[in-house]
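Colleague: Read off the chains here:
Number of protein chains: 4
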Amino acid sequence: MMAETLIKVDLTQSAYTNEKVHNRWHPDIPMVAWVKPGDDFIVETYDWTGGFIKNNDSADDVRDIDLTIVHFLSGPIGVTGAEPGDLLVVDLLDIGPKPESQWGFNGFFSKKNGGGFLTEHFPQAQKSIWDIHGMFTSSRHVPGVQFAGLTHPGLIGCLPSKQLLDIWNEREMGLINTDPTRVPPLAAPPFGATAHMGQLTGDAKAKAAAEGARTVPPREHGGNCDIKDLSRGSKVFFPVYVPGAGLSMGDLHFSQGDGEITFCGAIEMAGRVHLKVDIIKDGMSKYGIKSPIFKPSPITPNYKDYLIFEGISVDEEGKQHYLDVNVAYRQACLNAIEYLKKFGYSGAQALAILGTAPVQGHISGVVDIPNSCATLWLPTEIFDFDINPTAAGPQKFITGDIDLPLSPDL
Amino acid sequence: MMAETLIKVDLTQSAYTNEKVHNRWHPDIPMVAWVKPGDDFIVETYDWTGGFIKNNDSADDVRDIDLTIVHFLSGPIGVTGAEPGDLLVVDLLDIGPKPESQWGFNGFFSKKNGGGFLTEHFPQAQKSIWDIHGMFTSSRHVPGVQFAGLTHPGLIGCLPSKQLLDIWNEREMGLINTDPTRVPPLAAPPFGATAHMGQLTGDAKAKAAAEGARTVPPREHGGNCDIKDLSRGSKVFFPVYVPGAGLSMGDLHFSQGDGEITFCGAIEMAGRVHLKVDIIKDGMSKYGIKSPIFKPSPITPNYKDYLIFEGISVDEEGKQHYLDVNVAYRQACLNAIEYLKKFGYSGAQALAILGTAPVQGHISGVVDIPNSCATLWLPTEIFDFDINPTAAGPQKFITGDIDLPLSPDL
Amino acid sequence: MMAETLIKVDLTQSAYTNEKVHNRWHPDIPMVAWVKPGDDFIVETYDWTGGFIKNNDSADDVRDIDLTIVHFLSGPIGVTGAEPGDLLVVDLLDIGPKPESQWGFNGFFSKKNGGGFLTEHFPQAQKSIWDIHGMFTSSRHVPGVQFAGLTHPGLIGCLPSKQLLDIWNEREMGLINTDPTRVPPLAAPPFGATAHMGQLTGDAKAKAAAEGARTVPPREHGGNCDIKDLSRGSKVFFPVYVPGAGLSMGDLHFSQGDGEITFCGAIEMAGRVHLKVDIIKDGMSKYGIKSPIFKPSPITPNYKDYLIFEGISVDEEGKQHYLDVNVAYRQACLNAIEYLKKFGYSGAQALAILGTAPVQGHISGVVDIPNSCATLWLPTEIFDFDINPTAAGPQKFITGDIDLPLSPDL
Amino acid sequence: MMAETLIKVDLTQSAYTNEKVHNRWHPDIPMVAWVKPGDDFIVETYDWTGGFIKNNDSADDVRDIDLTIVHFLSGPIGVTGAEPGDLLVVDLLDIGPKPESQWGFNGFFSKKNGGGFLTEHFPQAQKSIWDIHGMFTSSRHVPGVQFAGLTHPGLIGCLPSKQLLDIWNEREMGLINTDPTRVPPLAAPPFGATAHMGQLTGDAKAKAAAEGARTVPPREHGGNCDIKDLSRGSKVFFPVYVPGAGLSMGDLHFSQGDGEITFCGAIEMAGRVHLKVDIIKDGMSKYGIKSPIFKPSPITPNYKDYLIFEGISVDEEGKQHYLDVNVAYRQACLNAIEYLKKFGYSGAQALAILGTAPVQGHISGVVDIPNSCATLWLPTEIFDFDINPTAAGPQKFITGDIDLPLSPDL
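Chains S, B, V and F are the protein sequences, given in the same order. First residue of the first sequence: 1, per the numbering used here; consecutive thereafter. First residue of the second sequence: 1, per the numbering used here; consecutive thereafter. First residue of the third sequence: 1, per the numbering used here; consecutive thereafter. First residue of the fourth sequence: 1, per the numbering used here; consecutive thereafter.
In short, the hints are calculated from the structure, not lab data. Careful, some of the hints might be misleading.
[Said to hold, decoys possible] List time: in silico PhoX-like cross-link candidates among lysine-lysine, alpha-carbon distance up to 20 Å:
1. S:K396 - B:K281
2. S:K286 - B:K396
3. B:K304 - F:K295
4. V:K162 - V:K341
5. S:K290 - B:K342
6. F:K286 - V:K342
7. F:K396 - V:K281
8. S:K36 - S:K235
9. F:K342 - V:K281
10. S:K304 - B:K304
11. F:K205 - F:K162
12. B:K304 - F:K205
13. B:K286 - B:K235
14. F:K295 - F:K276
15. F:K281 - F:K36
16. S:K304 - F:K304
17. V:K54 - V:K98
18. F:K286 - F:K235
19. V:K304 - F:K342
20. S:K286 - B:K304
21. B:K36 - B:K281
22. S:K319 - B:K290
23. V:K396 - V:K341
24. V:K290 - S:K304
25. B:K304 - F:K235
26. S:K319 - B:K162
27. S:K235 - S:K286
28. S:K290 - B:K319
29. S:K319 - S:K36
30. V:K342 - F:K290
31. B:K290 - B:K235
32. V:K290 - F:K319
33. F:K342 - V:K290
34. V:K290 - F:K341
[Stated by the list, open to error] Derived list of chain F stretches under chain V, where covered just means 3 residues or more per stretch with a C-beta under 8 Å from a C-beta of chain V:
35. 185-191
36. 218-231
37. 288-301
For glycine and all other residues, C-beta sits at the position ideal for the given N, C-alpha and C.
From just these sequences and the hints, can you work out the full model?
Modeller: Next up, the structure:
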């Protein structure tokens with residue numbers, strides 16, 4: 001028996017027309033369906049932009065997107081018997097692209113519209129398209145590399161309670177208020193104009209839209225964690241804050257590297273998730289849970305031979321930072337990009353690889369003042385050629401006649 | 001044919017009496033031995049404190065240690081033909097404890113003497129002793145857990161050139177000068193009084209001791225990276241800055257978790273390293289190398305079932321930080337500690353586990369403003385009992401009659 | 001762009017009515033489609049029995065099946081440019097059940113109709129049904145166990161040349177003729193009455209049906225290898241014997257243990273295969289290839305904790321055999337079954353687990369006269385409870401109120 | 001505290017002079033030491049030939065050895081409280097070569113003196129010497145290959161009871177008597193002249209020597225299983241047949257492929273084993289145990305990219321055999337040897353690789369009449385060059401100026 005598809009999405013229609021989709025977090029968003037503990041079912045999702053980014057060779061869409069529209073999530077789904085304080089146990093039985101949409105995108109936002117981890121080095125909009133071939137992917141914009149997907153929802157979690165929502169809004173506004181005119185802003189505050197509140201309408205919608213938390217950051221409930229290892233086959237334990245739990249998900253990634261350093265984003269795709277739910281009553285206090293915990297999948301890509309790049313918290317200008325893992329990881333990424341350029345890749349191509357392939361980012365040392373140490377693990381087996389260092393030096397396997405489309409700021 | 005032991009250490013004698021040991025980085029420290037590319041050889045080392053920490057049930061030594069004496073390194077070893085700009089290729093053929101010293105220590109420094117990643121939560125000196133049984137370890141201070149070692153040198157690298165040394169001292173003093181009276185200080189400046197400069201004597205020693213970089217932080221040459229995956233069987237490519245390279249190593253760890261969050265430190269031990277060296281001429285420019293790169297070992301513990309804890313960059317007071325991976329990883333660690341306490345562990349025991357076992361720390365999201373997301377991966381197979389969450393709730397397998405020795409500040 | 005589906009099967013129609021299906025090997029079977037090197041495409045297949053075995057709770061169909069009808073294969077597919085002596089390179093990009101058919105079956109044939117590896121111990125027809133939940137499977141007939149599928153085609157290969165077909169028929173008839181009245185027979189000779197020769201009709205069909213090799217055994221071309229590791233993501237190099245190669249496949253398994261000891265069979269299912277083809281010209285002589293070679297998938301179940309059972313070539317009656325791996329593996333299997341019975345499983349349930357789960361069978365010693373040694377590796381993580389031996393002894397987690405349906409011989 | 005070394009061996013002295021060594025199985029052999037459940041201790045061993053095979057470049061010793069002297073085992077060790085019917089739980093905490101003996105040997109016996117799995121193809125004595133470099137090995141006789149050791153005792157087990165010994169002798173003599181003049185014989189019967197019965201002397205020794213079972217085959221107690229996965233870090237559960245168990249071990253292998261197809265043998269070495277023992281009372285009946293079971297090590301070589309060779313039970317003359325895994329595995333081995341010859345290896349070098357590297361041998365199909373299917377898994381990462389098939393064809397990386405020493409029959 002095929003599991004029931006609780007939520008369907010039509011990629012030819014605007015996500016705003018689908019009442020089983022929403023793009024803000026708010027406890028008033030009505031459940032779109034109810035399931036029982038032990039049920040398994042299927043949920044379809046838009047890509048995180050609701051189809052704004054197209055399968056073509058221009059980065060104009062990446063440059064021009066209004067980022068207040070994201071992320072389009074499917075849900076919320078109610079689970080009978082779930083109450084605040086419980087843990088919702090979610091088995092991700094399978095995840096994949098929609099059959100009619102066997103591709104995904106990766107991009108870098110312009111520094112003026114979102115930026116990214118390396119935006120000082122890649123300040124303009126660029127995009128690569130990745131074709132999905134069964135379990136594998138490759139890109140016409142990034143030659144010489146193909147890999148098996150570690151497919152996962154970038155964003156999944158339960159509805160917050162009103163109390164939790166208020167905490168979120170208060171602490172994030174507090175941060176924004178420390179530098180309110182900053183571009184880009186320090187956080188993404190509620191923004192009603194582009195809110196999609198599911199089945200809410202009228203005043204109820206307007207009120208919730210004005211309060212609803214943006215979906216950008218990960219928070220206590222999980223949400224936009226962008227953890228590549230929440231992959232198909234994994235089991236996640238989510239805190240429950242409202243009766244029925246209200247599970248929503250979206251932002252599916254065919255593959256992603258640790259950190260999602262490209263921001264726009266992983267290999268982003270529309271797709272479907274097959275999941276099963278269960279409940280651990282009172283699990284939050286039983287296990288002292290404040291944030292989701294999870295167990296990895298028994299089926300993941302077995303890449304094992306890595307070339308590992310170290311970075312320390314001295315930045316690219318030579319300035320010393322104090323035990324700052326972000327700076328250290330940025331150096332490790334930049335070191336890897338410089339390395340890959342020796343084989344013929346453009347910097348943008350190298351960055352796209354780090355953002356999409358199952359790259360690991362490890363926190364390797366956080367106590368040896370003043371330098372943190374972070375490592376970036378690049379799987380060597382995903383390349384069509386040998387990238388290991390040898391006495392003979394690197395060979396330029398990549399000829400340089402192909403690069404990522406770039407759309408200059410207007 | 002047994003490989004030659006180039007450097008021997010006598011654990012019953014002070015490390016200061018051993019001329020093949022040093023505890024500062026300086027290009028003037030004379031090579032203690034020369035080898036050729038292709039040679040393999042053995043180097044013995046003290047533990048990082050030179051034997052100050054004892055195998056007993058008191059944390060007084062952890063509380064009282066003078067941290068300016070560390071780290072006692074064996075070397076430097078010259079490699080004929082190595083020149084600045086080359087890469088020194090080091091195969092770590094084997095690493096292990098000294099036969100007469102089958103144990104190691106882990107501790108937390110007092111907040112007044114070094115501190116650590118969680119020093120606000122564990123502000124006083126504590127210590128645990130770990131017995132080594134072949135490939136495995138367990139501790140009389142931390143019941144219910146045993147694991148295979150991912151053994152590695154916490155500290156290994158080549159001598160800096162004078163020019164590089166000057167850069168180090170300048171940038172670190174710059175940081176210290178932003179808050180010169182801070183306790184603990186922002187960085188560890190040169191300190192001649194406790195310097196051990198190997199075979200240098202007299203004025204030459206005094207001059208070098210006054211300039212020699214402390215061994216505490218990782219830097220461009222590698223050094224105190226505390227990367228658990230630089231384990232036996234791995235292959236490391238080190239930048240060379242002086243003629244002959246000058247390879248030194250020490251701070252051996254029988255096992256360690258990502259981050260070495262306990263600071264004092266991993267499972268610290270005296271031991272021996274069997275290594276082989278080779279050279280890639282002009283490798284730094286050929287491959288665009290600024291920091292060491294390495295390849296993992298084909299033999300590592302295969303732990304695969306993990307319980308994974310998420311943390312976001314909202315601190316334990318609820319304050320919002322901006323994309324700060326350190327804060328996020330700290331929350332993931334604290335979440336794991338709370339979880340383990342439900343099974344009967346003290347917080348100190350839980351922290352000791354995170355500091356010693358092959359725990360992974362991943363940088364999971366660094367672009368979703370304002371929250372970074374970090375994950376701590378706890379291998380479940382190292383416990384004598386099942387730590388997975390179940391509907392029945394946790395069982396207190398640990399009775400609480402044993403804890404880590406604690407030595408209050410005097 | 002979705003890959004094209006070259007061959008479709010309608011599970012509500014008899015496989016004999018589908019002209020793109022055949023159940024014998026013969027060079028005269030016409031190609032049903034042509035592809036070019038580099039193409040990827042999708043092929044649907046019946047289950048190996050063409051739908052004879054049903055999703056119900058009776059083993060009558062397993063008892064009553066006419067085994068001369070198997071295996072229903074989809075193909076042959078021509079590859080332009082492929083010539084005898086080449087290697088056909090096949091990437092198995094994905095494999096899965098048909099969406100409308102999310103289940104599979106495992107059974108034991110009656111000793112009077114096919115038998116199996118342990119037919120002396122399980123002489124009557126039995127069956128279990130396995131439901132497919134995304135990447136996982138479980139059975140209403142075998143409680144307490146679930147696992148991720150290592151999905152693969154049990155049967156895949158290229159058409160034989162007439163010369164090769166003659167060799168097959170000659171050597172297999174030679175074996176049959178050593179004991180022509182044996183039940184079951186020593187091999188399966190050509191049998192025209194139930195042959196399905198694809199698009200052949202009339203005399204051409206009759207001639208080919210009379211000569212066509214049965215699909216039961218693996219042979220030089222691969223064929224019915226039942227190698228669980230030819231799983232999705234693997235890459236196979238097949239010898240080519242006829243112009244165009246003529247690739248056919250079927251007998252899909254959601255999962256199987258090494259040896260497919262239950263014979264009927266693995267977890268057998270109807271499904272679809274997404275594959276890509278390429279050619280190595282003259283590859284057979286270049287690489288000295290007589291049988292297919294392959295590379296494993298980068299994505300396979302990561303089960304790693306095994307309980308391993310040894311068997312030696314002394315049979316269950318205590319009789320000494322000379323270096324006979326079959327006898328040794330049979331003992332290892334019987335030892336595992338006895339072990340599992342201590343936890344409450346029936347012997348039939350235990351055997352069904354060995355036939356379906358990703359069990360490994362290793363040839364561990366073949367030279368120590370007179371005993372071979374074989375090992376059966378049972379993954380412990382697939383059980384809902386702990387099957388490791390402990391001082392307390394086994395606990396009967398399985399209550400024994402459920403068993404496999406059995407249909408006595410008529 | 002260093003674990004105690006219970007048994008020491010002096011490689012400069014004959015094994016026959018060491019009273020803590022024996023080379024036959026008999027319940028009367030006195031325990032050489034007693035330990036308690038929970039103890040860990042170290043045992044040194046000779047190589048299986050007691051030092052007969054030398055580290056040189058002649059195979060004369062392999063040709064000339066008297067095989068009735070093997071295997072020299074260290075033990076038996078008594079475990080207080082162990083009684084017949086118990087399971088002896090043995091943790092292999094570490095295994096390695098003796099410090100003064102960092103090498104091992106692999107050889108093929110002459111067909112006239114022992115032979116081997118491929119003796120028809122390699123009928124004369126040959127030998128290769130393997131140097132041990134920490135965790136790795138390479139051979140001056142087999143260029144282009146190096147690998148990490150999967151180190152294990154080829155032979156380990158408990159003393160048989162008199163009753164069990166009688167069963168062994170009876171059934172093996174029964175086999176010999178079916179063809180008593182065969183060369184080589186079908187089994188190895190008791191042979192007093194070269195027996196070493198440990199501390200037994202005089203008449204007691206003579207009686208036991210006349211009855212003592214040869215150590216060649218694996219049997220119910222384990223013994224000479226040559227299972228490569230009984231490696232350091234694994235945990236083995238042995239049946240106990242005599243009071244005190246009487247654990248003996250030897251025949252240490254630095255590394256070996258599944259099947260130990262070269263017979264003489266793996267990479268054979270003298271060494272030491274660090275082990276820990278415990279008891280499960282009445283474990284044989286509790287768990288239905290007839291042969292040892294074991295759990296694999298958490299630390300093993302992680303080689304994961306394999307080239308896999310298939311073999312079916314049609315022999316090299318084209319003759320059809322009935323479901324014979326031995327024939328199928330032999331074909332898989334021969335197919336791999338032919339493949340490796342394309343890269344320049346001699347057949348003998350290729351065979352030496354299959355006998356020493358961590359090659360896997362899987363029983364892939366045992367029910368598809370008349371052909372069994374076996375697979376040989378060759379790890380590709382152990383080679384200095386790429387052995388994967390490509391459109392360009394193989395390159396002769398091995399120049400052929402080095403080969404294994406061969407000593408023709410006299």
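Colleague: Now, for every hint given, state plainly whether the structure supports it.
Modeller: Hint check:
{"no.": "1", "hint": "S:K396 - B:K281", "in the structure": "holds, 19 Å"}
{"no.": "2", "hint": "S:K286 - B:K396", "in the structure": "holds, 12 Å"}
{"no.": "3", "hint": "B:K304 - F:K295", "in the structure": "holds, 15 Å"}
{"no.": "4", "hint": "V:K162 - V:K341", "in the structure": "violated, 50 Å"}
{"no.": "5", "hint": "S:K290 - B:K342", "in the structure": "holds, 14 Å"}
{"no.": "6", "hint": "F:K286 - V:K342", "in the structure": "holds, 8 Å"}
{"no.": "7", "hint": "F:K396 - V:K281", "in the structure": "holds, 19 Å"}
{"no.": "8", "hint": "S:K36 - S:K235", "in the structure": "holds, 17 Å"}
{"no.": "9", "hint": "F:K342 - V:K281", "in the structure": "holds, 16 Å"}
{"no.": "10", "hint": "S:K304 - B:K304", "in the structure": "holds, 13 Å"}
{"no.": "11", "hint": "F:K205 - F:K162", "in the structure": "holds, 15 Å"}
{"no.": "12", "hint": "B:K304 - F:K205", "in the structure": "violated, 51 Å"}
{"no.": "13", "hint": "B:K286 - B:K235", "in the structure": "holds, 18 Å"}
{"no.": "14", "hint": "F:K295 - F:K276", "in the structure": "holds, 15 Å"}
{"no.": "15", "hint": "F:K281 - F:K36", "in the structure": "holds, 14 Å"}
{"no.": "16", "hint": "S:K304 - F:K304", "in the structure": "holds, 8 Å"}
{"no.": "17", "hint": "V:K54 - V:K98", "in the structure": "holds, 15 Å"}
{"no.": "18", "hint": "F:K286 - F:K235", "in the structure": "holds, 18 Å"}
{"no.": "19", "hint": "V:K304 - F:K342", "in the structure": "violated, 34 Å"}
{"no.": "20", "hint": "S:K286 - B:K304", "in the structure": "violated, 25 Å"}
{"no.": "21", "hint": "B:K36 - B:K281", "in the structure": "holds, 14 Å"}
{"no.": "22", "hint": "S:K319 - B:K290", "in the structure": "holds, 15 Å"}
{"no.": "23", "hint": "V:K396 - V:K341", "in the structure": "holds, 9 Å"}
{"no.": "24", "hint": "V:K290 - S:K304", "in the structure": "violated, 31 Å"}
{"no.": "25", "hint": "B:K304 - F:K235", "in the structure": "holds, 18 Å"}
{"no.": "26", "hint": "S:K319 - B:K162", "in the structure": "holds, 19 Å"}
{"no.": "27", "hint": "S:K235 - S:K286", "in the structure": "holds, 18 Å"}
{"no.": "28", "hint": "S:K290 - B:K319", "in the structure": "holds, 15 Å"}
{"no.": "29", "hint": "S:K319 - S:K36", "in the structure": "violated, 56 Å"}
{"no.": "30", "hint": "V:K342 - F:K290", "in the structure": "holds, 14 Å"}
{"no.": "31", "hint": "B:K290 - B:K235", "in the structure": "holds, 17 Å"}
{"no.": "32", "hint": "V:K290 - F:K319", "in the structure": "holds, 15 Å"}
{"no.": "33", "hint": "F:K342 - V:K290", "in the structure": "holds, 14 Å"}
{"no.": "34", "hint": "V:K290 - F:K341", "in the structure": "holds, 14 Å"}
{"no.": "35", "hint": "185-191", "in the structure": "holds (count 4)"}
{"no.": "36", "hint": "218-231", "in the structure": "holds (count 10)"}
{"no.": "37", "hint": "288-301", "in the structure": "holds (count 9)"}
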